[in-house]
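Could you build the full structure based on these sequences and the hints that come with them?
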Amino acid sequence: MAKNFNELVDRAKATWSDDTRRVYEAASSEFAAEVNKRAELGAVLATARKAQSLTQPALSELTGIQQAEISRIERGAGNPTAATLLRLADALGQKLTLVPANR
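Okay, so the sequence shown: first residue is 685 according to the working numbering, each after it adds one.
Be aware that a few hints might be false.
Unchecked claim - Mimicking BS3-like on lysine-lysine, the simulated pairs with C-alpha atoms at most 30 Å apart in a straight line are: (1) Lys687 <-> Lys697; (2) Lys697 <-> Lys734; (3) Lys721 <-> Lys779.
What the hints assert, rightly or not - Derived CB-CB ranges, DEER-like: (4) Ala723 <-> Ala766: 17 to 25 Å; (5) Ala723 <-> Trp700: 27 to 35 Å; (6) Tyr708 <-> Pro784: 26 to 34 Å.
Since the hints were made in silico from the structure, they are not lab data.
Beta carbons are placed, not taken as given, at the ideal position from N, Cα and C, and that holds for glycine.
Printed below as a string of structure tokens:
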């Protein structure tokens, strides 16, 4: 019996085929990149909010977006819609732009 979760995971991974391992590695890499992008977006929004001397509750009042959702977005845990991002940007005196990725 496994002593901890990591040991259990390691045992399971040991039985994977090469194809399964490749799929896992690709999915893990994509997931990590998505998490990092959401964290970056949240940090930008938090910085813009603080630059306006706004609290999350104050921003919530301005936008009609629940404070808890603003918190999730700023922590990188949210999955905001385009409409939500546009409302936040507008309230913060910002605009959303798409720029080419450095790939």
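Evaluated hints:
Simply put, Lys687 and Lys697 have alpha-carbon atoms about 16 Å apart, close enough for the 30 Å limit, and the pair holds. A threshold of 30 Å between alpha carbons decides the hint, and for Lys697 with Lys734 the separation of about 44 Å lies outside it, so the pair is violated. For the hint linking Lys721 to Lys779, the alpha-carbon distance of about 18 Å falls within 30 Å, and the restraint holds. Ala723 and Ala766 have their C-beta atoms about 19 Å apart, which keeps the hinted 17 to 25 Å range intact.
In this structure, Ala723 and Trp700 meet the distance hint of 27 to 35 Å, their C-beta atoms being roughly 29 Å apart. Range check, Tyr708 to Pro784: about 30 Å between beta-carbon atoms, so the 26 to 34 Å window is met.
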